[in-house]
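*Asks:* Sequence:
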Amino acid sequence: MNSSTSGKKRIPVIVGVLCLVAVTGLVSGFALLKSNTRRVQVVLPDRVMDVTTRKDTVGELLTELGIVAGTADAVNFPMNEPLKDGMTVSVTRGRPVFVRADGKTRAFLSSAATVAEALAQAGISLGPDDYSNPRPDEPVPADRCIRVVRVTFREEVVTENIPFTTEYVKDPQLEAGLTAVRRKGQSGVADVRYMVRYEDGVEVSRNEISRTTSKEPVSKLVALGTRTEVSREGTVIRFVRAIEVVATAYCPCEICCGKNANGYTYTGVPAKRGVIAVDPQVIPLGSRVYVDGYGFAVAADIGSAIKGNRIDVCYDTHQEAMRWGVKKVKVYILPN
Numbered sequence: 001m002n003s004s005t006s007g008k009k010r011i012p013v014i015v016g017v018l019c020l021v022a023v024t025g026l027v028s029g030f031a032l033l034k035s036n037t038r039r040v041q042v043v044l045p046d047r048v049m050d051v052t053t054r055k056d057t058v059g060e061l062l063t064e065l066g067i068v069a070g071t072a073d074a075v076n077f078p079m080n081e082p083l084k085d086g087m088t089v090s091v092t093r094g095r096p097v098f099v100r101a102d103g104k105t106r107a108f109l110s111s112a113a114t115v116a117e118a119l120a121q122a123g124i125s126l127g128p129d130d131y132s133n134p135r136p137d138e139p140v141p142a143d144r145c146i147r148v149v150r151v152t153f154r155e156e157v158v159t160e161n162i163p164f165t166t167e168y169v170k171d172p173q174l175e176a177g178l179t180a181v182r183r184k185g186q187s188g189v190a191d192v193r194y195m196v197r198y199e200d201g202v203e204v205s206r207n208e209i210s211r212t213t214s215k216e217p218v219s220k221l222v223a224l225g226t227r228t229e230v231s232r233e234g235t236v237i238r239f240v241r242a243i244e245v246v247a248t249a250y251c252p253c254e255i256c257c258g259k260n261a262n263g264y265t266y267t268g269v270p271a272k273r274g275v276i277a278v279d280p281q282v283i284p285l286g287s288r289v290y291v292d293g294y295g296f297a298v299a300a301d302i303g304s305a306i307k308g309n310r311i312d313v314c315y316d317t318h319q320e321a322m323r324w325g326v327k328k329v330k331v332y333i334l335p336n
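Counting along the sequence shown from 1, when you hit position 208 you're at 208 in my numbering, and nothing is skipped either side.
Worth flagging that the hints you see were computed from the coordinates, not collected in a lab.
Treat the hints loosely; a few may be bogus.
[Unchecked claim] Distance condition first, Cα-Cα at most 25 Å in a straight line; then the derived PhoX-like pairs of lysine-lysine:
{"#": "1", "residue 1": "Lys55", "residue 2": "Lys84"}
{"#": "2", "residue 1": "Lys104", "residue 2": "Lys55"}
{"#": "3", "residue 1": "Lys272", "residue 2": "Lys215"}
{"#": "4", "residue 1": "Lys259", "residue 2": "Lys272"}
{"#": "5", "residue 1": "Lys330", "residue 2": "Lys307"}
{"#": "6", "residue 1": "Lys307", "residue 2": "Lys328"}
{"#": "7", "residue 1": "Lys272", "residue 2": "Lys170"}
{"#": "8", "residue 1": "Lys170", "residue 2": "Lys184"}
{"#": "9", "residue 1": "Lys272", "residue 2": "Lys328"}
{"#": "10", "residue 1": "Lys220", "residue 2": "Lys259"}
{"#": "11", "residue 1": "Lys259", "residue 2": "Lys215"}
{"#": "12", "residue 1": "Lys215", "residue 2": "Lys170"}
{"#": "13", "residue 1": "Lys84", "residue 2": "Lys104"}
{"#": "14", "residue 1": "Lys220", "residue 2": "Lys272"}
{"#": "15", "residue 1": "Lys307", "residue 2": "Lys184"}
{"#": "16", "residue 1": "Lys55", "residue 2": "Lys184"}
Since we're looking at a predicted model, the values are computed, not measured.
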């Protein structure tokens, strides 16, 4: 009687213990399951994904999501990087890059952020003097075009002429306004060594690094006239300056001056002996002059053919003008 009652009391105790064990197991299982899941953000070029995963590495996660990272793509973590809760995994897709180097253009897919990274992917290195545009430390440009410039230096020796200088000396025997070469100038010779810079084979600059003179230049010597007096036919003529000119002759006739000739000069002075036509840029109109072989005169006329160091002396008759012909003479500009 007593033993039967005791057995009945143990049954609820056993059931309670079993329930407790079951509940404890379930709680432990849920806790273990929760500890194996991670919340990870995946950033793609076209979208952002917030995922919960039980995968252990970045590579396993991408495989789970069906995301393939090609050789030209970039992932911000190694594929064997363990996943951590709250991690952000970014996948950058490769885009076309064009690199112009060594006369060729190379096109390839790259996710490089900087020019240096893109060049490294292309297997292109810069020499100590080479440069790229943009610079290696700059971002890959928006147009995805990079230019590599090869820079070389070469020494060159060039034989060059040394220009001669001109020296001037005063000569009291030469009329003022005139010059005379007393000694011709001669160029010298020098061997000049240059450092020449080439960019992609094209010369862009050269700097002189040494110079050896093999022949010294000889300066040109020019005499400047200072004489202001000459004697003509026993008369001393004082002048301001002298000019060497080509002189022709004319008279007031139609043959010399055309059908519209009226016997007057450009300044209104009668055309007669003692009047000359000049280029006003050389001899101002109104100037008093002395012309060798002609005599004293006034610059009072102009002519379409009278330009530069040319004058036209006026005679009273056509025969006198014809006898003059064409001569090279000196004209002395007299004081006003």
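*Asks:* Take the hints in turn and mark each one as holding or not.
*Replies:* For each hint, the structure was consulted:
With a CA separation close to 10 Å, the supplied pair Lys55 and Lys84 stays within the 25 Å bound. Pair hint Lys104 plus Lys55 does not hold up; C-alpha atoms about 46 Å apart against a cutoff of 25 Å. Between Lys272 and Lys215 the CA atoms are separated by roughly 59 Å; this puts the pair beyond 25 Å, and the hint is violated. Restraint check for Lys259 and Lys272: satisfied, since their Cα atoms lie roughly 18 Å apart, inside the 25 Å limit.
Taking the CA atoms of Lys330 and Lys307, the gap is about 16 Å. The hint holds against a cut of 25 Å. Of the supplied pair hints, the one linking Lys307 and Lys328 holds, its CA atoms being roughly 15 Å apart against a limit of 25 Å. At roughly 38 Å between alpha-carbon atoms, Lys272 and Lys170 are farther apart than 25 Å, so this suggested pair is violated. Taking the CA atoms of Lys170 and Lys184, the gap is about 17 Å. The hint holds against a cut of 25 Å.
Distance hint between Lys272 and Lys328 is fulfilled; the C-alpha atoms sit about 21 Å from each other, no more than 25 Å. Between the alpha carbons of Lys220 and Lys259 the distance comes to roughly 51 Å, so the proposed pair goes past 25 Å and is violated. A C-alpha spacing of about 63 Å is found between Lys259 and Lys215, which places the hinted pair above 25 Å, so the restraint is violated. Between Lys215 and Lys170, the direct Cα distance comes to roughly 28 Å. Violation of the 25 Å bound is thereby established for this hinted pair.
Between Lys84 and Lys104 the alpha-carbon distance is near 46 Å, which puts this suggested pair outside the 25 Å criterion. Restraint check: the Cα-Cα separation between Lys220 and Lys272 comes to about 44 Å, which exceeds 25 Å; the hinted pair is violated. This hinted pair does not check out: Lys307 and Lys184 have alpha carbons roughly 29 Å apart, beyond 25 Å. For the suggested pair Lys55 and Lys184, the alpha carbons sit about 96 Å apart, so the restraint of at most 25 Å is broken.
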